[in-house]
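Participant: Below, each chain spelled out in residue letters.
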Amino acid sequence: EAGVAQSPRYKIIEKRQSVAFWCNPISGHATLYWYQQILGQGPKLLIQFQNNGVVDDSQLPKDRFSAERLKGVDSTLKIQPAKLEDSAVYLCASSLRGVGTEAFFGQGTRLTVV
Amino acid sequence: AQKVTQAQTEISVVEKEDVTLDCVYETRDTTYYLFWYKQPPSGELVFLIRRNSFDEQNEISGRYSWNFQKSTSSFNFTITASQVVDSAVYFCALSDPGGANNLFFGTGTRLTVIP
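Chains A and B are the protein sequences, given in the same order. For the first sequence, our numbering gives the first residue as 1, with consecutive numbering after it. For the second sequence, our numbering gives the first residue as 1, with consecutive numbering after it.
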């Protein structure tokens with residue numbers, strides 16, 4: 001079974017530029033998550049989708065971050081404009097159902113904003 | 001509010017030693033789930049175990065074992081006879097089914113196993 005795919009693996013941009021990350025979850029997984037992991041910290045949820053609807057985006061800085069999951073499969077996360085503090089690893093995860101099920105993570109995209 | 005505390009930032013052990021990683025959690029929910037994930041240098045978080053709040057039985061899987069104690073709000077993880085391949089960052093996480101089933105992660109414990 002293929003795992004969660006993310007691209008790109010690495011990205012370096014200048015502050016105020018825009019960037020987009022892509023995620024393809026495990027086939028059949030209805031729930032998709034985007035997490036931000038700052039160096040030395042645990043992952044923090046940015047947004048959660050159930051199929052193509054948003055379940056929780058309370059931690060998403062909506063003035064600069066946006067995410068969509070068209071057709072309930074692939075998802076993109078965008079940052080515009082980027083700030084230095086956005087430097088982090090962006091992890092995508094998916095789970096089969098909602099409550100209590102384990103999430104499977106991709107390898108993440110390491111973003112460096114200079 | 002949910003909170004997960006992993007007080008040990010870094011641990012180093014010599015190969016074949018046993019090591020216990022501590023996890024203390026806070027939640028007001030009576031139903032919740034606890035998880036452990038391993039993050040090797042490659043960066044991908046690897047699921048290790050899930051435990052629901054009604055099941056306090058300890059679990060053993062090979063060299064790994066988990067001790068869940070509701071009375072102390074702890075969910076500790078022990079690796080027996082550690083190996084170099086166990087070197088990674090380990091995260092404890094709490095899931096809030098009363099909300100949106102988000103995972104709240106601790107800050108992680110970096111384990112280094114010295115050959």
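The hints are simulated quantities; they were obtained by calculation from the structure and are not laboratory data. For clarity, every value in this text was computed on a predicted model and none was experimentally measured. A portion of the hints provided could be inaccurate.
As the list claims (entries may be wrong) - Taking lysine-lysine pairs in the PhoX-like style, the calculated list, with each CA pair at most 25 Å apart, reads:
| hint | chain 1 | residue 1 | chain 2 | residue 2 |
| --- | --- | --- | --- | --- |
| 1 | A | 11 | B | 16 |
| 2 | A | 15 | A | 71 |
| 3 | B | 38 | B | 16 |
| 4 | A | 62 | A | 83 |
| 5 | A | 15 | A | 83 |
| 6 | A | 62 | B | 16 |
| 7 | B | 16 | A | 44 |
| 8 | B | 3 | A | 44 |
| 9 | B | 70 | B | 38 |
| 10 | A | 83 | A | 71 |
| 11 | A | 44 | A | 78 |
| 12 | B | 3 | B | 70 |
Claimed, not checked - Not the full set, but computed from the structure, chain A residues with beta-carbon under 8 Å of chain B:
| hint | residue |
| --- | --- |
| 13 | 87 |
| 14 | 88 |
| 15 | 91 |
| 16 | 103 |
Glycine included, each C-beta is placed from N, C-alpha and C at the ideal position.
Participant: Which of the numbered hints above does this structure break?
Facilitator: Violated hints: 1, 2, 6, 7, 10, 13 and 14; rest satisfied.
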